[in-house]
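Novice: Dock chain B against the given chain A, drawing on the hints supplied.
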Amino acid sequence: MKKIKKTRLNGTFFILPAFIWHFCIIVVPACSMFYYSLTNWNGLSKPEFVGLANFRRMIHDTDFLFAIRNNLIWTVLFLFVPLVLGLGMALIFTKIGKIQMPLRTLCFLPYVISAAVSGKIFTVFYSPYSGVATIFDKLEIESLSNFAPLGDRAQALYAAAFVDNWHWWGFVLVLMMSALHQVSAELYEAADMEGAGFFQKLVHVTIPQIKPTIAAYFIFVIIATFTTFDYVWIMTQGGPAGATELLSTRIYKTNFLTYESGYSSAMSLSVCLFALSVYLILNYMQHRKGDRRE
Amino acid sequence: MKRKRRKVCLLTAAAVIVTLVHIIPLATIIINSFRTNQEINLSMLGFPKGIDFQNYLVAWEKGGYASAYVNSLIIGAGTAFVELFVIGFAVYGIQKTDCYFKKFFSTYFVAGLAIPAFTILVPLFSFYNQAELLNTRVGIIIIYVATNMSFNYMFLSAFFEGMSRELDEAARIDGATEMQNFIYNTIPMAKPIFTSIILITFVNTWNEFLFSNTFLQEKTMRTVSLRFYNFVGSTSVEYGYVYAAAIISILPVVVIYMFTQDKFIEGMTAGSVKG
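Chains as they are written, first to last, in the working numbering: chain A, 1 to 294; chain B, 1 to 275.
Bound conformation, chain B alone:
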């Protein structure tokens, strides 16, 4: 018994050490965001003299984060809610009604997962160019809703499969339309999973790089992550601002993650285990 306890102690120590090493880069970002440019230039590692938000104020101004936050919030929230509507309807239709081509639609959405983003980039760019959708928030939302669809379909579909059908039958016998059944029966039951979908889709769009970097090239339209990408290139020695800007760029998603971690991790890894 004693030997087993010692083993657990050793394993715990190993796990703690690996985790600490793993988050050194993040700790460095946080600590350095409170140090002045001179302090960082003298030594990359060190402790701040105090908690001073000067770097944050400068980085917020210089990086144009006010407009970037507006862009990211509109794009993230817009994508998340539109996504929820269209995919919520689709999964309801496939899982809960006797629709036509049930098998086809279900396979179609799952297979969408295997189409790499690179196949659509070039033709879509040319089309957006002609349709004057480049550098518009609506344009990028249209893309994001489509690219997030397959993942959310699998995630939501797994949940709907486990829901009881009795309520639906009862509602139909009482003469409810499918739309009424969806609004009054399904939505209240699926609320937690709908929240997960909104959060995960929001975080995905906040972090997305390939499409946003290609389709939002105008400065005023850039999202938070893109702003940071440009910001680092534009300053050379003002590392205090760079570290503060990094924190500004990741704070919303880290806060969302920290407060909803179980839901979040479960959602992010859903479907992957099943293959």
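Bound-form chain A, shown alone:
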């Protein structure tokens, strides 16, 4: 009896280093946000309790509201563009022969390149002095020779999203390819026997079969896009004139440029709680559906 207790204790000791490490670096700071969001902390001095003032300020902060709008655009873009591209190409890739492997490798390649490099290189491509615009200028295509999307308030957000999508859709492709490989061939044979066309097979066989992957994709995108930071910060830092400001860049600036850490904490906490609750709700819905089907 004593021996069993000892092995159980030994097993627990194996877990403790990772648990304590993760708890101190992730959970403790995350929980301290609840406190800081109620103070006027500047990051250095002793925080002073101000109640819900930060949250009241947030509701009337037009910069913050505009960031929400940009973030929603970003989220909608990433819910659909990489999915259509990735799934569409995956459908093609799984129907061609061995050549799909080297092609898949190349499509995935941008995913392993750091955001700092792809972001900055595309800034060079987008620049009117060194980028694509110079080519149009040479070709004397007047309308595009001033092409400078990062300097244009209407285009900058989409230009940055384009780069993030370029980096990411290869990942979605691989994800969808592995999902498609798990769909049993018999289902397609049966559909062929019934004389189903391409779209009928897509709607009635493929999509229902890979539904769990698509659901996981949606959940992931919602969580990830609400705190997306790298590409926008690297390419525009929220500019020109706030046109590409996202929640993350707003939070970052509030903390590291104007030192309003209390307010920054309040915004960060709201965004994260929102993302988390969406995650939990969607996860719950997905699992409940799964149970019902069984």
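It is possible that some hints are incorrect.
For lysine to aspartate or glutamate, the following EDC-like pairs were computed, each having C-alpha atoms within a straight-line distance of at most 16 Å [to be verified]:
1. A:K138 x B:E39
2. B:K4 x A:D192
3. A:K46 x A:E260
4. A:K6 x B:D98
5. A:K98 x B:D262
6. B:K96 x B:E166
7. B:K96 x B:D168
8. A:K253 x A:D230
9. B:K96 x B:E169
10. B:K62 x B:E238
11. B:K96 x B:E161
12. A:K253 x A:D63
Estimated spans, in silico, between C-beta atoms of each pair [to be verified]:
13. B:R172 x A:F198: 53 to 59 Å
14. B:A114 x A:V203: 28 to 34 Å
15. A:L106 x B:D174: 49 to 55 Å
16. B:G64 x A:F49: 40 to 46 Å
17. A:Q200 x B:R172: 53 to 59 Å
The set of hints was computed from the structure by calculation and includes no laboratory data. Source: prediction; values computed, not measured. In this text, a Cβ means the ideal position worked out from N, Cα and C, and glycines have one as well.
Specialist: Relative to the frame of chain A, chain B by itself:
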């Protein structure tokens, strides 16, 4: 039959064209890294006169890549090995022993995936500032080990679940301690997956931007990706150097990826399909 072959041909052509368009930016970087600044300023697209590594030498010097490589290698390797140890132990404890609170620990590590990095940035920065851990390699390794933990837990845990338990039982009956069983039984069997974890963690830290940009602001401590980020801002018309610096910055991870692609892709997408 003939119609089907034609269809496959068309689809192959479409796939090849999309892939080629997709890698135009990368091809441009490679080609332009061998052209002089003047050539690039005259025309963004064009072929180099020859293979000349002059741009690379200048970019390496100007960008301070020697120290950046040392930093990135120490941080990447340090994080990867420490990560492997702590997470290897944890998964072993949860999957292979009758530990206390098994269910809790398992849920805890998976749930960690849903905590966005932004929640911890501000408090951690203030703490690091007071503890004088800013601009230190150890400091950033401590963060990276924690932020990579949940993903690696899921990845490794899926593998351990599929391992046979008979060897463990046999070892226990022979009187082996858990530590001996871990070292002599589990490690040899899990070697391939451990390699994947090291490679993926290394690449993740090499590419990471948010934490490194915030916590390593001193020039001498900056990693390779950060150096490139600063380098582009500092030169205005020397694009030959910029393109060469880009290649210098991505070469190690691209080489790792090219040589271990299946392992890599499998590891990177693991867990995502399951949701």
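Novice: Does each hint fit the structure? Answer for all of them.
Specialist: Cross-check of the supplied hints:
1. A:K138 x B:E39: OK: K138 (chain A) and E39 (chain B) at ~14 Å, within 16 Å.
2. B:K4 x A:D192: Holds, at about 14 Å.
3. A:K46 x A:E260: Distance of about 13 Å is within 16 Å: holds.
4. A:K6 x B:D98: Holds. K6 (chain A) to D98 (chain B) sits at ~10 Å (cutoff 16 Å).
5. A:K98 x B:D262: It holds: about 14 Å lies between the C-alpha atoms, which stays within 16 Å.
6. B:K96 x B:E166: Roughly 11 Å separates the two Cα atoms, so the pair holds.
7. B:K96 x B:D168: holds, 8 Å
8. A:K253 x A:D230: holds, 14 Å
9. B:K96 x B:E169: Cα-Cα ~10 Å, so holds.
10. B:K62 x B:E238: holds, 11 Å
11. B:K96 x B:E161: holds, 9 Å
12. A:K253 x A:D63: holds, 12 Å
13. B:R172 x A:F198: 53 to 59 Å: Given about 57 Å between the Cβ atoms, the range holds.
14. B:A114 x A:V203: 28 to 34 Å: holds, 32 Å
15. A:L106 x B:D174: 49 to 55 Å: holds, 51 Å
16. B:G64 x A:F49: 40 to 46 Å: The hint (40 to 46 Å, Cβ to Cβ) holds, given that G64 (chain B) and F49 (chain A) are roughly 45 Å apart.
17. A:Q200 x B:R172: 53 to 59 Å: The hint (53 to 59 Å, Cβ to Cβ) holds, given that Q200 (chain A) and R172 (chain B) are roughly 56 Å apart.
When the structure is compared with the earlier hints, no violation turns up for any of them.
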